[in-house]
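14 is the number of the first residue of the sequence shown in my numbering; add one for each residue after it.
These are calculated hints, taken from the structure and not from any lab test. Please note that the accuracy of each hint is not assured.
Derived CB-CB ranges, DEER-like [claimed, not checked]:
id, residue 1, residue 2, range
1, T198, G64, 19 to 27 angstroms
2, R49, N167, 40 to 48 angstroms
3, E145, R61, 41 to 49 angstroms
4, C67, S162, 23 to 31 angstroms
In this text, a Cβ means the ideal position worked out from N, Cα and C, and glycines have one as well.
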Amino acid sequence: MIFIPYKPFILTRVDVDFTYGFEQDKHLEVLDIFKRIGFSPNLKKFQRRYGATCQKLGAGSYAKTFWTTALPGDAIKIQKKPDPSYQLWMEEFVLTGQHNAFVPKVRGYATNNTSRTLCVMERLYKPKFSAEALNSFEWFRRNTGNTISRDELNAHVKAIFQIETMSQDLMAIIDYIAEASSHGTPHSVDLSRGNIMQRENGEMVITDPLAVFAHTFEAFMAHNQ
């Protein structure tokens, strides 16, 4: 099923891929370049094909994020290998909930036939966190892959965001994270400091709050055999 965000985005099909939200020719050109280089996150290949300067913004186990003069106001995140948790988060919540203040604003999104994704989104920045927030990030790190209660999730999210009461938008995300990482699924909470970013105006954004960890995936597969 293909979901179209609440805004009147143009849905463009390219081969077997599906694409959300590419409203400008530039975005379509960038997607076409990535298709021709096999959805590769190789910036040198992109620069040669497009003739645009690129700068790496970040890289993790699954994806690389970069900025290019081709789309100066945006960031491009392209997966090096499939990430089922990121794809679930994007397709079940982010793309259908672009009105939510705490999700990244997406210009375009596509998958290829190996389930790797390409996302063109607003450019975000690393925030400065309080000592209390850093303690909560450390708590999430120590509980990597463990089942986290809703009360624990609420308390540590409030500490990270330095708030006493959560808005409806933030509560909707926490509801989704709790459900998506509940017992019986292979997904776990992954609220590391690299997955909380901010806009230029200081607004906080949750970029990638789920992950599949080895032991939770093995338990899920064993349960479903």
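Output the numbers, in ascending order, of every earlier hint that fails for this structure.
1 and 4
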